Structures are given as structure tokens and as C-alpha cells.
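Undergrad: Sequence:
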Amino acid sequence: MAPEKKTGPSTPLHSDQEGSVAVEQKAVSPNDHIVIRGARTHNLKGIDVNIPHNMLTVVSGVSGSGKSSLAFDTVYAEGQRRYVESLSAYARQFLERIEKPDVEHMDGLAPAIAIKQKNQTRNPRSTVATATEIYDYMRLLYARCGTVTCIHCGGIVKRDTVDEIAAAVLAMEEGARLYALFPIIRREVVLEPMQEFALPVEEEAPKPKPKKVATKKTKAAEQTIVDPSEPLKERLVELRRRGFNRLFQNGNIVEFSTPESLLELNFSEPIYVLADRLSVSADVRSRIVDAIETGYRESGEIVFLTAPRDESEPKRLRFSAAFECVNCHRAYRDPEPRLFSFNNPYGACPRCQGFGNTIDFDPDLIIPDKSKTLDEGAIDPWTKPKYREYHGVMKRFAQANNIPLKTPWYDLTPAQQNAIWDGGTGFPGIRGFFRLLDTKKYKLHVRVFLSKYRGYAPCPDCRGQRLRAEARAVLLNEKNICEAAGLTISAARAFFDGLKLSPAQTEIAGKILEEVRQRISFLEQVGLEYLTLDRLSSTLSGGESQRIQLATSLGSRLVGALYVLDEPSIGLHSRDTAKLVKILHELRDLGNTILVVEHDPDVITSADRLIDLGPGAGELGGQLLATGTVAEIRKDDHSITGKYLSGRSRIPVPAERREPTREMLKLKGARIHNLRGVDIEIPLGMLTVVTGVSGSGKSTIVHQVLHRALEFSLGVEGVSSDVQQLYREITGTHFIREVVLVDQSPIGRTPRSNPVTYIKAFDAIRELFASQPDARRKGYTAGSFSFNVPGGRCDTCEGDGTVTVEMQFLADVELPCEECNGTRYKPGILDIKYKNRNIHDVLNMTVRDAVHYFAGNPKIVDRLQVLEEVGLGYVRLGQSATTLSGGEAQRVKLASHLANIRSTSPRGETKKAASRVLYILDEPTTGLHFADVATLLQAFRKLIDGGGSLLVIEHNMDIIKSADWIIDMGPEGGSAGGQVVAVGTPEEIARVPESYTGRFLKPVLEGAVA
1 MAPEKKTGPS TPLHSDQEGS VAVEQKAVSP NDHIVIRGAR THNLKGIDVN
51 IPHNMLTVVS GVSGSGKSSL AFDTVYAEGQ RRYVESLSAY ARQFLERIEK
101 PDVEHMDGLA PAIAIKQKNQ TRNPRSTVAT ATEIYDYMRL LYARCGTVTC
151 IHCGGIVKRD TVDEIAAAVL AMEEGARLYA LFPIIRREVV LEPMQEFALP
201 VEEEAPKPKP KKVATKKTKA AEQTIVDPSE PLKERLVELR RRGFNRLFQN
251 GNIVEFSTPE SLLELNFSEP IYVLADRLSV SADVRSRIVD AIETGYRESG
301 EIVFLTAPRD ESEPKRLRFS AAFECVNCHR AYRDPEPRLF SFNNPYGACP
351 RCQGFGNTID FDPDLIIPDK SKTLDEGAID PWTKPKYREY HGVMKRFAQA
401 NNIPLKTPWY DLTPAQQNAI WDGGTGFPGI RGFFRLLDTK KYKLHVRVFL
451 SKYRGYAPCP DCRGQRLRAE ARAVLLNEKN ICEAAGLTIS AARAFFDGLK
501 LSPAQTEIAG KILEEVRQRI SFLEQVGLEY LTLDRLSSTL SGGESQRIQL
551 ATSLGSRLVG ALYVLDEPSI GLHSRDTAKL VKILHELRDL GNTILVVEHD
601 PDVITSADRL IDLGPGAGEL GGQLLATGTV AEIRKDDHSI TGKYLSGRSR
651 IPVPAERREP TREMLKLKGA RIHNLRGVDI EIPLGMLTVV TGVSGSGKST
701 IVHQVLHRAL EFSLGVEGVS SDVQQLYREI TGTHFIREVV LVDQSPIGRT
751 PRSNPVTYIK AFDAIRELFA SQPDARRKGY TAGSFSFNVP GGRCDTCEGD
801 GTVTVEMQFL ADVELPCEEC NGTRYKPGIL DIKYKNRNIH DVLNMTVRDA
851 VHYFAGNPKI VDRLQVLEEV GLGYVRLGQS ATTLSGGEAQ RVKLASHLAN
901 IRSTSPRGET KKAASRVLYI LDEPTTGLHF ADVATLLQAF RKLIDGGGSL
951 LVIEHNMDII KSADWIIDMG PEGGSAGGQV VAVGTPEEIA RVPESYTGRF
1001 LKPVLEGAVA
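Using the UniProt record's numbering, the first residue of the sequence shown is number 1, and each one after it goes up by one.
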């Protein structure tokens, strides 16, 4: 690591007025630092800061303090803008056009790369392997080193080389007499379209209709002599001219110096040209090579036939210059990288076009309850009276093939399941049954019956592997490329490390394998060893997507770049944070500058330099509190982050924990992905946290099983009954009346969506303005003050307040609407005022200001106060929902539920809106500073005190140590996870040695700084 370059005094200098860091007095070189002066983007207060090159710099601060404004909207935006500006005007119109950030001066910028936590991939073809370029190298590896097998007979497909043939011939018995032959007619290898890839070698030129010209009595029988066709005559003349004068057929050698000599040949049978006669010995290798080259040149193949001295059968060795199967002699194309691409029509499965699934008979509909046995009627269509006879046929087939009838379907081996699907002697199988019905779909009742079992299912041709049969027939260590891509990262590393290659293949594959192994190693380092290479990118979480981009960047080995990252520790267990830090240091040590927005204490303390912003959020933030090393920030009294790092401020462990009661949800037999019959119990009326390493099954059991099962049990509309196949039983649902998922999805996708409308405070605000005397006199209603519906809103901008002007190769310009000057409303609406402010002025207020402004209106204040209580007091009432981060959106949703609890009835009694409600949250600490986590925990307590229950998926130790009950999943991720490792209070979890969570929780509970 490069030594840190001092840019000022050993301790930060603070101004007396605002407590922000003074401008560093010593001049710095842009060769050593990114120099920023007068940054005013968003809420930044004209800060001056220097970011050292080739170091890891972390930007910290409370939520809304301006971290992303500095890192992404200032540093990255200016770096990207300068790069785009260097391109031609034509190229710029196809790239992201970024507006110039509000900053007086910036110097020393490197080419900038942003790695954000949001997963923007929606391409259904993108996978982990393609996103990291691993699949590109795998395609090249299989094309150059793979063993091609025949899709018809399974034989090896190869091209026989001269050296291999010579070695095979010389390996025969010493002194064996051989005929070296080649066919008289050259076989034209005509490859059919890719749908039917192979061509039998026996198919030669169309045989002419036999024409009887003469008969000759032989000792055996009468032989028919066929007149050769004109092309054959021309070929014979050509061969004669080239020096060949002997033909071979059925053990007879015939001279063809004159036409009469051909009368002994039957031209309806294969005829060969005799190239040489030889006896096997070490000194005839040159003659063997000459014969092979002659056969390849004249016909594309060579045949060596033994001439035994006794009555034994002659041995025949056939070799071909064509790329064909050694058994059935079907010719194939040479494999090339595009054959293994499911994004290319050349390699994609023709039926599903590379997607892996089609609209067909859905296995989950045919076998809806996989816990049932074959005997109990696991196969649903055969439980119907009309087709019950197939159930009996299936049982007889199963007994004959040793397939257990009393074993649950999901416990049958894949081979046993496939036997039931594909059938066998006397049994059509499930697929054969539906093929039979498909021939009768002209009948209405058959079409209705078939429609019950149709859905998206794995493609029956490629079995979900996306590639055509020719690509799947290429093997490397007995695995095709689809099977290799189906391995987890850790299993793939073992596969590629254990490849057995010939010396020639090793020479070819050396660089390819080096790149593959390196990229797989990087994925393991960022804690993603549980992902499979063929995992769809669209199914990854934001944290997983960001870490994949990080691993890809490290694999590209760029030097001299500026990487800007947004909380890469999201979704990462404390066990794996050290791996993340290591990879950030490796990226830095390559010669790159790393700028990270982060809240995780382990990442913060690993930084070379720390920039702390604050002191508050929104308008109260945007100031530089401190900058320096971690040790310097710990001692700084102005830094909120420093106080938590030093232990002067901390979130205390609860003095008492809530005890579980008899009110409890019990989920039994959860079985999906890596869950194998998992049972969990969730006590109600308390804070329950689900923990575990990444990929251990937390989100799977909470989101995909428990949440959907509860919705189905509570009768929520739109929930399919298919969810019942994911678990065996769920009890205790009568203890709750509602389940609410509070996730990080946006609260709205249009600029007109905002926090105040989401928490339903805007309704009361509009009613208040509509009740003013001037509004009643003009006939305005509450709807007149809405910018979402026509009436009072501006007709030009339709309530957006801005008009976007497209600038082709420049950044699009957003201008205030000329009609309403950005106020969103018509002039008559803006004339209506409450306490000297109109509706536009109110929407520009922060939540904190609005609480004081609407004092005396509890209907409004109660709903606005909860936004402040969850740490969003800095947000403006009319702020667009599209500008909120995932963590902010989640807290707005949380505030909406808190507002329902606090809303008062006409009698002034608090409603128990949260009573008997289960709230499910997924990593609510995303984007939260230590101080914000304390605020969040207070909001949790209010929900529980209101009668609710919380189930939280979390890695943050402050939340985990504050839990009443913990369910720890693991022990590892992926196939090695999906089990409950430990349950109990945090103290009990800390005493379980098998729990990774317990190991990191123990020092926290004992008083160590988290």
C-alpha cells in the first residue's frame, strides 16, 4: 500500500461557528489527490476536501447528510462527464448524459466507475457467469478443448489425424498383411441445418437404377453386372490417369486397364481403390503415411483391411478426415464459441430460443404436493376418475423398476423421478400421457382438462439448459457446459481446478483457465460462493449485484481508475466483511482510488482515510465535520461517527427482553431451493430477527415461504394455492389478522409520488386548504389542490412542475414549467393561503418545519411526526419518490404503519392499528448510520407496543443484540445452508459454537465496540 501523504495538520482544524473542518492550508498536488473546492451539489454547503489517490477512502455520516451527493453526484458525476465530453458528439448521444455538478473547482480526477447497490438488470438472459465474463471464457474452453459426443449414439466425434492413424496401424500384429483402400467416389459431407445436425456416412450420391447388361455364371451363383454411370466412368478415367489401376470389392482385386476388366464388378455395391499393399513393420511407417494422405486427398477417408492367411474374418479399420462420430459416422460441424451461447441463434435451443422455459405442462401443477407418495396420488391428473387407470399402470411399472411407492416425491432420486416422467415398457410416463391427450384436443373436455396443467415449465427439449443438443453434447471431464454452469461458485472452483487435460489441451487452455479461476476466486472473496453460475442476474439482491460488479472490476485488472461504491457490505454477514475489505484493498493495491459510502464499522475502520459529513440530515447536513485517519476521527469531538467508533456513544443492550408466549406461528416442512424440510417457530408480540450468512436461506424461508403462506392462509387475493407445496403445515395464523411486508421497493415510480402522499397526510392538508374561506367562496374542493388529477394542477406540465428538453448529445435539461413557474398549480389555487403560505410553499417544507407549521392540527401532525421519528425529518413533503434511496423508501413505509397506530379517533382514543399485525422487514438498516439505527429501534418498539409483531432479516449487530428472539440459519450458504443452526435470545445464540452469528455477537454483548 502506498504510504499516506499528509495533507495538513495531524488533527482536523475546525471553524468556531459551524463546527466544520476548515480548508486544509497546505497546498496539495492533483497528482496525489482529487481536489474538490466549493461543492454545493444538493445539500452540500460548499465543502472543500481532498481525496488521496491510490487509497481507500470511506465517506460516513448520518442518513441524508450528503454522502451520496459528494461521492456519486459530485465526484463520480464529474469524472464520468469529463470522459463523455472527450467523445465525439455522435457517440455522446448514445451514452448517459450527466449534468455538470455544482462545484467551483475539481482537479486530479481519474476515470470513474460507479458500483451501486441497486440491481438494474432485468434481462432474462443475463446470469452470474455472463455478467462476470466467466461464461465467455467457458465457451472458448469448451470449443477448443471439449470432447464432442454424438447426439444419436453417444460415440466420440473426432477427426482422425495422420499420426493417430499411423500409430493405430503400427500397433497391429507384426507382419499382418494390409490393403490400404479408399472409396472410388468421394463422399460429400453435407451438413443439415442446425436443427438436425448430423448426417449418416452411408448416405452417398443417389444410386442409379440398375441396368442389366450381361450375365456371367460363377461357381457360387449367377452374378448381376451393372453398367457404371457416366460420372463413375469419368471418375475411373481420372483415377487411371492419376496412376491408380487396381480396384477392390468383396476381397477381389480387379485391374481396370480396359473396359472389359470391369465386368466382374457390381456397381450397386461399394467399390474401393487399392492405394497400397503392405505388411505391418516399423520400417513401413512412411508408406502408411503416404497411403493415408492419398486416401484423404482422393476421397476424404482411408480403410485398412487385413488379409489373413487363414480362414479368419478380416479386420477393418476405417478413418476419416471429416469431423464425425466413430460409431455411426454422422458428420458434425467443428464446435466454435458461438455454439455455446444461448444469446445466439446458432447455439440457443430452437424450441425455447435460449430462455430455458416454455409454455407447456407445468410440473408444479401436475405434481402440486411433492410431500405425497406415488401411492397417495402425487400425480394429480391420475387421481381423476377418467384417468385413474394410469395410476395402476404406473404402480406396476414402479414395482418392476424398484421405484418406491411409499416415499414422498421429493425424496425420490432424480433418476426415479425421470423414469416416472419418461415412462418405459408398457408405461407411457407423464409426458407420454400428455402427448396422447394432445392428439385428442379437438374434444372440448380434453382441452379444458389440459389447460389446468399448462404454465411456464422447463423446455422439454433442452430440459431448461437453454442450449441446443449439439452444444450439450460437448463434454469436459464428463460435464457439458450447462452442467458446469449449474455448479455453485465453490463447486465450480473445484471443477476447474481438477480438470484432466492432455498436454496439447493444457497448452491451449492455460490462459483460459487462468482467467476463469481468477474470476471465480474473486467471487468467493466477496462472499458469493453459494451462488450458481447460471443464477439469473435479475434475481440477485442489490448487495449481491454490487459485489458481482466489484468482482468483475477486480477481474478486469484496471489500473489508475476511481471506483465509487455505495455500501458494498449490504447483505453481507459479519463473517464475510473481512473478505470484502480484502478485495477492496486488492483493488487499491493495483493502483486504483477507492471511494466508498459506508456505515459498517468493519469497513470504516479498514479505511486509509475517513470523511465524516453531518451534523444532521437534509438542510442540517452537508458540512464537513472531520477528515483524517480513523484514529484521528475517533478522537474528534465534532464527528458523530467518531463517537460511535470510540465507544463514547453506543446503542445499549436492552435491560430486559420480551418473553415468548403461547401465541406463536409454526411453519413446518419448508422445502424450496436449499431448504430441506425446515421447521421454524416465530413468537408473536416481540422483535424476532432472522440471521445467518449470505445464502443461508433467510430470505427464502421468510419471503418465499412464510410470507406467501400467511397471505394464503389469511385469504389475501391473488395468492395462488401453489404455495401450499412449499411447506407441510402452518399453524398459529389465528393469532394474527394481517401480514405486512415493509421492503425497500420504491414507494412510487413517477415524479408526482412523494412521502406526504404515501403516508396519507396530503389528504388532510388538501382538506385544510379547501376549508379556507377564500377556497369555499371560489368553490374549490380538496381535489382542486391535488397535482395528480386535472382541475387545480397546471395543464401544461400536468403537475410535474418541470418540462424536460431533450438535448441529443448533451444532458437533458429540466426547466421549470413556464406556465406555473414550477409551482405545479394554477394561479387561482396558489392564491389560497393558510398561515400566509400556499400549497406550493407547504410542499417545499421539510417534515421538521411542517410539524411546527401545522401545530394544532393533530390529524396532520400525527402523521408527519412519524416521518421525523424514523429519521426522515430532513425530507421535503413534496420530494419526488424517485429520488429516495431504498432505505429511505422502507422507512417511509414504516412511518405509514406507525401513523396508523398514532391516528386518533373522535374520542381521542388511540387506535390499536398494529394489533395482531405481523410486520416483515428485510435489512431495514440499509443506508443507516449508527445514530439512525437507534432511531429505528425506537420505531420498532412503538410498533410492538401498539400490539404488533416484527420479523426482521438483518446482519447489523446493533439490531441483532436488541432482538427478543433470534432464528439463526446456516451453517453455510447455498447447498451447505438451509438449516436452523440455533434459536433463542441473543445471549443463548452467543453460546452456540456452531453459529457464526453467535461468534460475532458474543464480544458485542460482552461490551466490545460493535
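Hints listed in this document are in silico derivations from the structure and should not be mistaken for laboratory results. There's no promise every hint is true.
List time: in silico DSS-like cross-link candidates among lysine-lysine, alpha-carbon distance up to 25 Å [what the hints assert, rightly or not]: (1) 395 with 384; (2) 452 with 440; (3) 386 with 440.
The following label-pair restraints were derived from C-beta to C-beta distances [what the hints assert, rightly or not]: (4) 289 with 311: 54 to 64 Å; (5) 993 with 336: 15 to 25 Å; (6) 498 with 652: 19 to 29 Å; (7) 444 with 392: 26 to 36 Å; (8) 359 with 728: 27 to 37 Å; (9) 424 with 311: 19 to 29 Å; (10) 479 with 402: 24 to 34 Å; (11) 461 with 945: 19 to 29 Å; (12) 424 with 380: 14 to 24 Å; (13) 536 with 503: 46 to 56 Å; (14) 728 with 40: 55 to 65 Å; (15) 479 with 277: 41 to 51 Å; (16) 536 with 392: 33 to 43 Å.
All values reported here derive from a predicted model rather than from experimental measurement. Think of the CB as a built atom: it goes at the ideal place given N, C-alpha and C, for glycine as much as any other residue.
Undergrad: All hints are to be evaluated individually against the structure, with a verdict given for each.
TA: Structure-based check of each hint:
1. Distance hint between residue 395 and residue 384 is fulfilled; the C-alpha atoms sit about 16 Å from each other, no more than 25 Å.
2. The hinted pair formed by residue 452 and residue 440 meets the criterion: a straight-line CA distance of about 16 Å does not exceed 25 Å.
3. For the suggested pair residue 386 and residue 440, the alpha carbons sit about 14 Å apart, so the restraint of at most 25 Å is met.
4. As the Cβ distance of residue 289 to residue 311 is approximately 32 Å, the hint placing it in 54 to 64 Å is violated.
5. About 53 Å separates the C-beta atoms of residue 993 and residue 336, a value inconsistent with the hinted range of 15 to 25 Å.
6. Against the hinted window of 19 to 29 Å, the Cβ-Cβ separation of residue 498 and residue 652 comes to about 51 Å, which falls outside the hint.
7. In this structure the supplied range 26 to 36 Å holds for residue 444 paired with residue 392, their Cβ-Cβ distance being about 27 Å.
8. In this structure the hint that residue 359 and residue 728 lie 27 to 37 Å apart at CB holds, the actual value being about 30 Å.
9. Taking the beta carbon of each, residue 424 and residue 311 are about 44 Å apart, not inside 19 to 29 Å as hinted.
10. The given range of 24 to 34 Å is respected by residue 479 and residue 402, whose C-beta atoms sit roughly 27 Å from each other.
11. One distance hint, 19 to 29 Å for the beta-carbon pair residue 461 and residue 945, is violated here, with the actual separation near 58 Å.
12. About 21 Å separates the C-beta atoms of residue 424 and residue 380, a value consistent with the hinted range of 14 to 24 Å.
13. Checked against the hint of 46 to 56 Å, the pair residue 536 and residue 503 fails, with Cβ atoms roughly 38 Å apart.
14. Our hint of 55 to 65 Å for residue 728 and residue 40 holds, since their Cβ atoms are close to 60 Å apart.
15. In this structure, residue 479 and residue 277 meet the distance hint of 41 to 51 Å, their C-beta atoms being roughly 46 Å apart.
16. The hint said 33 to 43 Å for the Cβ distance between residue 536 and residue 392, and at roughly 41 Å that hint holds.
Of the numbered hints given earlier, the model fails hints 4, 5, 6, 9, 11, 13; all others are met.
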